[in-house]
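Chains as they are written, first to last, in my numbering: chain A, 654 to 942; chain B, 654 to 942; chain C, 654 to 942; chain D, 654 to 942.
Just so you know, not all the hints are guaranteed correct.
[Stated by the list, open to error] Below, simulated PhoX-like cross-link-like pairs (lysine-lysine); rule was C-alpha separation at most 20 Å, straight line: (1) LYS722/B with LYS722/C; (2) LYS692/A with LYS753/A; (3) LYS753/B with LYS692/B; (4) LYS722/D with LYS722/A; (5) LYS753/D with LYS692/D; (6) LYS753/C with LYS692/C.
[Said to hold, decoys possible] Partial chain C-side listing against chain B, Cβ under 10 Å, derived: (7) SER723; (8) ILE724; (9) PRO727; (10) ALA735; (11) ARG869.
[What the hints assert, rightly or not] Which stretches of chain D does chain A cover? Using the computed rule of at least three CB atoms under 8 Å from a CB of chain A, they are: (12) 699-706; (13) 711-724.
No wet-lab data here; the hints were simulated from the structure. Idealized CB from N, CA, C, for every residue including glycine.
There are 4 protein chains.
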Amino acid sequence: MNPPGWHSPGNWRNALRILISNDDGAFNPALWAMVEAVKDLGEVLVAAPDRDRSGVGAGLTLNDPVRVKSIMSPVSGVEAWAVEGTPGDSVILGLRQLAKEPIDLLLSGINTGNNIGTDLIVSGTVGAGMQGFMNGVASAAISVAIERDALSPVVGAAIHDLAESMLEHVAAGGPTPFVNINFPRISDGPYRGAMVAGVGRRVVADAVETVTRGTRTMYWIQRRASALDERSQMDPDTDVWAMHHSWVSVTSLGAGLTSANNDGFAAGIAEVLDRSVKNHGQQADEAAG
Amino acid sequence: MNPPGWHSPGNWRNALRILISNDDGAFNPALWAMVEAVKDLGEVLVAAPDRDRSGVGAGLTLNDPVRVKSIMSPVSGVEAWAVEGTPGDSVILGLRQLAKEPIDLLLSGINTGNNIGTDLIVSGTVGAGMQGFMNGVASAAISVAIERDALSPVVGAAIHDLAESMLEHVAAGGPTPFVNINFPRISDGPYRGAMVAGVGRRVVADAVETVTRGTRTMYWIQRRASALDERSQMDPDTDVWAMHHSWVSVTSLGAGLTSANNDGFAAGIAEVLDRSVKNHGQQADEAAG
Amino acid sequence: MNPPGWHSPGNWRNALRILISNDDGAFNPALWAMVEAVKDLGEVLVAAPDRDRSGVGAGLTLNDPVRVKSIMSPVSGVEAWAVEGTPGDSVILGLRQLAKEPIDLLLSGINTGNNIGTDLIVSGTVGAGMQGFMNGVASAAISVAIERDALSPVVGAAIHDLAESMLEHVAAGGPTPFVNINFPRISDGPYRGAMVAGVGRRVVADAVETVTRGTRTMYWIQRRASALDERSQMDPDTDVWAMHHSWVSVTSLGAGLTSANNDGFAAGIAEVLDRSVKNHGQQADEAAG
Amino acid sequence: MNPPGWHSPGNWRNALRILISNDDGAFNPALWAMVEAVKDLGEVLVAAPDRDRSGVGAGLTLNDPVRVKSIMSPVSGVEAWAVEGTPGDSVILGLRQLAKEPIDLLLSGINTGNNIGTDLIVSGTVGAGMQGFMNGVASAAISVAIERDALSPVVGAAIHDLAESMLEHVAAGGPTPFVNINFPRISDGPYRGAMVAGVGRRVVADAVETVTRGTRTMYWIQRRASALDERSQMDPDTDVWAMHHSWVSVTSLGAGLTSANNDGFAAGIAEVLDRSVKNHGQQADEAAG
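The following block holds chain A by itself, in its conformation from the complex (with noise of 0.2 Å):
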């Protein structure tokens, strides 16, 4: 996958490919901050959602084709495409279809929001992250937690040089990383620093708001802005404790869901589930007759 000459000291950048996308859609300011903080280590490409999809995870559309637009990039020589689907339909398409060249890196965000917690498993960013990890990709979700935040130099730095140190992993040939980098607000006192944090078991947030309209219910499901406003857990091994901290935190991800935490209950019905099959073995041949 690598081009020739990739090793060689002082060239091996301009064979370089960053992907960008993201859940806020590709016309949000944040996105286009994190371009601005990378695109001196390579070829910069953009495949977003056109829209808001925060919220959605690592959803696809497979119902229906999508769309894809060529979008006026603010940043020069940036090719950027509004891709009319989730955060993980852009990441598949700008790894297969969009980009012209394979790519060595995802990022995704400039996320305005933290995403940390059990936030993780509905986040948008990084459900974009995750489709670019599973397609073999060294992918990070990146989140900032306000808006402003996102335009700070401190956190343009801090992209700059983690971009900069997955690439050089990428080419010295490590295994697939994905990483989920969360930075506290900034108003909130100076960086401590950044550490490895694991994801906080806080509290489910949703709100669910009842809407009227003439006759009609409706239910609108929200979620509260940020962990640092709720009270949560204070292990201080987690990305939660690290924004209440002024910790960057640093979160390894994969794709698995599994849980060592009920491994136990996982073996009782295991055996129900034997036993059933079991003494049913007889219909089965039947049905399968």
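Model the placement of chains B, C and D on the given structure of chain A, informed by the hints.
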């Protein structure tokens, strides 16, 4: 949460409530096969998408209010709602708005097509289970290999026994479980039994088809039908292996996406970011000022 | 198109086929009230949107394939389809794909809320009728003032008589008709009778509500409930007047949007353009070259 | 509504405001060709769907709030909004929410593909014009035969002259006009001139394509490209004829869908209903009781 007399022999079942959802839609016959299988265990409520929403994972509809409509139930005594949203929306609204009393067990499925390996991230069946679990309700996602198997007596009996066992676990006050159950293709041979299995790491099988109408080009993302048709990793501890060898698989799931595999990489990235944000601390102060 | 024996006394009804659609969705009780009203006149097929699609006029889904699903019919012997599209899609698919034999009559409704005055342009009830008419099928759009009136025996009997009369017209080989029928609010007093009425020119009543969630501002376009609540023009030849005075209105519709009112203006514009294109003819030649 | 000095020679143009919309989306080059053609006539505001919404007619989004986003304009000094809704939504929000001052003229297009004959009912280009007209604003829907023609100087000059003439009409206090303008294919020969034309009654050309994916069958409704390719009625007073004979057509439109052709039929139906509701009057009284 438990009603008085919950543990008294003979009557605890009367008070139990099961919510059934899926991602193939409230009109899918396989959902109603599951209703039939468990209806004697308690009060059953159906809340499922009004359309096929395969592939949307645990995603939620956050940008618009969601409408629900009461639909005719083919099973007497069962209240059913079609939700104009995702499987995750259906579960959240089912638990919080449509159920008149707290739900004891969420069953998602029966999905046509196994949800194994990397399918889990985009599976709406698993996504519905995930939203149940994250809302503190014992949850199971249940899939068969092909449509016909959902109507098989052996599968029906196994689901009945699974649900009964999970309800007993809940009644006994155990921690909230979340399991992913897959039934192999019956026509491949009688089930050998059931086993605890991890999530297999099979190759992603998305295909992107180019569709042209008039002068427009579109892209249609499609998932191959089943891991059974693929050359997947033959690790005997996985759900993929189980499906190949006629074992019913039980996988314990959680909401974490974390991976321990790349911890070394995450530590390196944390160091890079640590240096970066400390070096650029002055700018951060200014940006926050 | 007519089956043999069509005109023979006594048996022509057996061969008749009525397609029923609406814009409130296939699960709306008022649609099924219409099915009940006409089911003795021939074979009834229902094809209607699977969701409320009020306000979409005669619009079609051209950019994506449309899915349909068979649904349980509350009326014995009636086949029913829920279409994941617009009222217009439903009629086109009902006529061309779902009906096994040619349709003789399209009935759209019963809509809750009169479709009068400027409502006609955005009414999905009228839009469904329009697509029937444009496909060469005798069509009627039918609306009542409030939900309860759709279940009234007087409305049911009138729809029965309307359908019978239209089927007789079709059987006699008359030109394809398209009528818009509105029933005034029953609680305003007993119907005085029925009258031919033009389309009233009442003031457009769209309201735009600003909705804010988080930092996002949205706009919700809403139509006021009924012309009956408005100070509308009191022209005694119009549907608006008819509703105010307890007359059932019958308005003959066509597919033309033309107006004779501005013909002088159009002539002036044609002169302007005539001069313009003749003056710029040379460029046209070049552009075409 | 007119600012002071409106009629004074020399300065009235400064105060004029033109809203431009379409149904092919805010990013369509043909829309921006229209902006270029008229930008010297006043202040131009663009509000158009963020996606191709062809085929939705004058339909509105009533069931959900509509989001808008400011987009980069390729034409200096022009404010542009992408509306996550229909052409009709775009016009209503453009007129009432996005424009800071009252709009004097709405131009919809330039549509690629003529909107003639029965196209008018489902055309989003005409639908946008209809919503402008129904909101009391002078409106024109403008279409060319093929994409390339939208960039032709002769079309640009004609649109400029059309807009200027309509603005003069508005400034003179004339009644609100609504015209549909179609430019024939330039490559068929130089324009012979412009003519007032009625709406041709050409045969509906919808095609329904059956699409199969996996076990699912779907239906894709498609419109044939152009009336020019069809055996349409050769009535020399119609837009269809004009397109065949290289005449620019000007058709005066209104919001009425009424037809005088079937008045005899409507009278017969009114008699039937009159008898019916009088006969069933007693039930009506009871239902209302």
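Going through the hints against the structure:
A C-alpha spacing of about 16 Å is found between LYS722/B and LYS722/C, which places the hinted pair at or below 20 Å, so the restraint holds. Proposed proximity of LYS692/A and LYS753/A is supported: the alpha carbons are some 17 Å apart, at most 20 Å. For the suggested pair LYS753/B and LYS692/B, the alpha carbons sit about 17 Å apart, so the restraint of at most 20 Å is met. Pair hint LYS722/D plus LYS722/A holds up; C-alpha atoms about 16 Å apart against a cutoff of 20 Å.
Between the alpha carbons of LYS753/D and LYS692/D the distance comes to roughly 17 Å, so the proposed pair stays at or under 20 Å and holds. Taking the CA atoms of LYS753/C and LYS692/C, the gap is near 17 Å; set against the 20 Å cutoff, the hint holds. Interface hint at SER723/C: satisfied, since its Cβ lies 8 Å from the closest Cβ of chain B, which is below the 10 Å cut-off. With 10 Å as the threshold, the beta carbon of ILE724/C comes within range of chain B, its nearest partner Cβ sitting at about 6 Å, so the hint holds.
A hinted interface residue such as PRO727/C counts as satisfied when its beta carbon comes closer than 10 Å to some beta carbon of chain B; here the least separation is about 7 Å, so the hint holds. For the restraint placing ALA735/C at the interface with chain B, the shortest Cβ-Cβ distance is roughly 8 Å, inside the 10 Å limit, so the hint holds. A hinted interface residue such as ARG869/C counts as satisfied when its beta carbon comes closer than 10 Å to some beta carbon of chain B; here the least separation is about 8 Å, so the hint holds. Beta-carbon proximity to chain A at under 8 Å applies to 3 residues in the region 699-706 of chain D; the threshold of 3 is reached and the given coverage holds.
Taking a C-beta to C-beta cut-off of 8 Å, the region 711-724 of chain D contributes 3 residues in contact with chain A, enough for the three needed, and the coverage statement holds.
When the structure is compared with the earlier hints, no violation turns up for any of them.
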